[in-house]
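Here is what each chain is made of, one letter per residue.
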Amino acid sequence: MIGALLRRDLAVLLPGGRRGGSLLPLLFFLAVAMLYPFAVGPEPELLARTGGGVIWVAALLAAILPLERLVSADLEAGVFDQLHLRGVSEELAMASRLLAHWLAFAPLLLLAALPAATLLNLPSETLRTLLLGLLAGTPGLAAIGVAIAALTASLRGGAALSGLMVIPLAVPILIFGAGSLARPDGSGLALTAAISLGLCAVAPFAAGAAIRAAREG
Amino acid sequence: MQARLAAKDIACRRGDRLLFRGVSCALAPGEALHVAGANGIGKSSLIRILAGLLRPFAGDVTRNGGIGLLDERPALDPQASLQAALGFWAALDGTKPMALTEHADALGLYNLFDVPVRYLSTGQTKRAALARLLGQGVPIWLLDEPLNGLDTRGVALVEELVAHHLTNGGIAVIASHQRFTAPAATLTLAEFAA
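Going down the list, the protein sequences come from chains A and B.
So in the working numbering, spot 210 of the first sequence is number 223, and the numbers just go up one at a time.
So in the working numbering, spot 188 of the second sequence is number 236, and the numbers just go up one at a time.
Calculated directly from the structure, the hints in this document are not laboratory data.
Every residue gets a Cβ at the ideal spot worked out from N, C-alpha and C, and that includes glycine.
Don't take each hint at face value.
To be verified - So the derived label-pair ranges between C-beta atoms look like this:
1. B:Asn87 <-> A:Arg99: 46 to 56 angstroms
2. B:Arg103 <-> A:Ala61: 38 to 48 angstroms
3. B:Ala147 <-> A:Pro181: 29 to 39 angstroms
4. B:Thr149 <-> A:Pro181: 44 to 54 angstroms
5. A:Leu36 <-> B:Asp199: 34 to 44 angstroms
Stated by the list, open to error - Here are a few chain B residues that face chain A, going by a calculated C-beta distance under 10 angstroms:
6. Asn112
7. Ile115
8. Leu117
9. Ala128
10. Leu140
11. Lys144
12. Pro145
13. Glu150
14. Ala154
15. Asp162
16. Gly217
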């Protein structure tokens with residue numbers, strides 16, 4: 014049952030999937046990395062010092078883009094009602110959605126971080142910390158995204174609102190994730206991973222409750 | 049286990065408005081109920097309460113057996129082909145591919161299997177949702193306006209399917225403002241309006 018659920022979620026959300034446009038966050042991410050040197054000038058030291066933080070901000074914004082159709086389309090189509098009648102809890106459906114959402118944007122984002130790091134002249138040591146940080150932080154970003162998308166799914170204009178709501182919640186991940194670039198020890202990475210784990214544990218329940226609340230409304 | 053659906057003294061409130069109260073029914077295998085009434089009187093709400101998707105304001109519902117719901121939302125991915133969209137529910141329900149093909153054939157959908165759901169007409173989408181319901185293989189059918197968007201042949205088909213379901217020991221509740229020719233008791237919701 015979980016397999017069928019996850020397969021469908023992936024078919025819908027993966028780049029080139031049924032709702033399409035999933036490559037857009039990636040291109041957006043690369044575009045930021047490409048534009049930044051044009052905006053601040055090409056000095057290698059400046060780029061190497063600030064580039065990691067820019068990639069983090071770009072990753073955060075790229076995680077917001079797919080939220081629009083993450084939950085609302087299925088809510089409108091009555092998919093969650095039909096799942097409920099088959100004994101699939103909203104929490105399980107949302108956990109599957111969370112995993113699919115992460116798989117649809119994070120691995121490609123990590124790959125795209127390689128050319129982005131080259132564009133920003135990041136040293137290999139920084140790149141290593143950056144990749145580890147993104148690996149630790151993106152599940153948390155996906156969790157926030159799913160919870161917010163579920164909360165705003167039944168609202169008119171929910172898409173714009175969800176983008177705004179994700180940003181303050183994502184600040185801790187950004188602080189510790191981007192902060193890990195400036196510290197030689199792994200404490201920043203550990204804290205990013207800890208926040209991510211906490212968010213991934215809570216998000217399916219928050220999102221599930223939001224779906225049920227939308228049904229009563 | 050015998051299928052059974054019973055509701056006792058159901059009241060429904062939407063917002064500040066009490067839609068109806070004191071609705072009771074008890075359905076045994078082979079029995080059907082036609083919920084009749086004008087628009088906005090609470091037919092859909094009653095169906096959703098019976099399905100357990102909406103909490104009743106008062107009263108309680110007992111359900112013995114799986115619930116299948118057919119309402120105005122088909123729950124089929126618009127971008128997917130009909131086969132893929134039905135295939136997802138078939139995988140969840142454990143419907144055999146043979147049975148899925150049979151149901152689609154019976155509903156006149158077989159040559160639409162490759163067509164994306166968004167290109168289907170209203171009536172064809174309704175038929176597709178019926179195929180999903182048939183594949184679910186559950187004893188209790190809750191049909192909310194099942195005849196909407198169907199042509200005369202489609203209407204006859206639905207009535208035939210419901211009659212067949214009842215002879216196989218199923219239970220059906222049909223909410224419709226239209227006439228429904230099936231061996232069903234009628235519950236006129238207007239009598240319970242608050």
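*Hint numbers the structure violates, sorted upward?*
Of the numbered hints, 1, 2, 3, 6, 11, 12, 13, 14, 15 and 16 do not hold.
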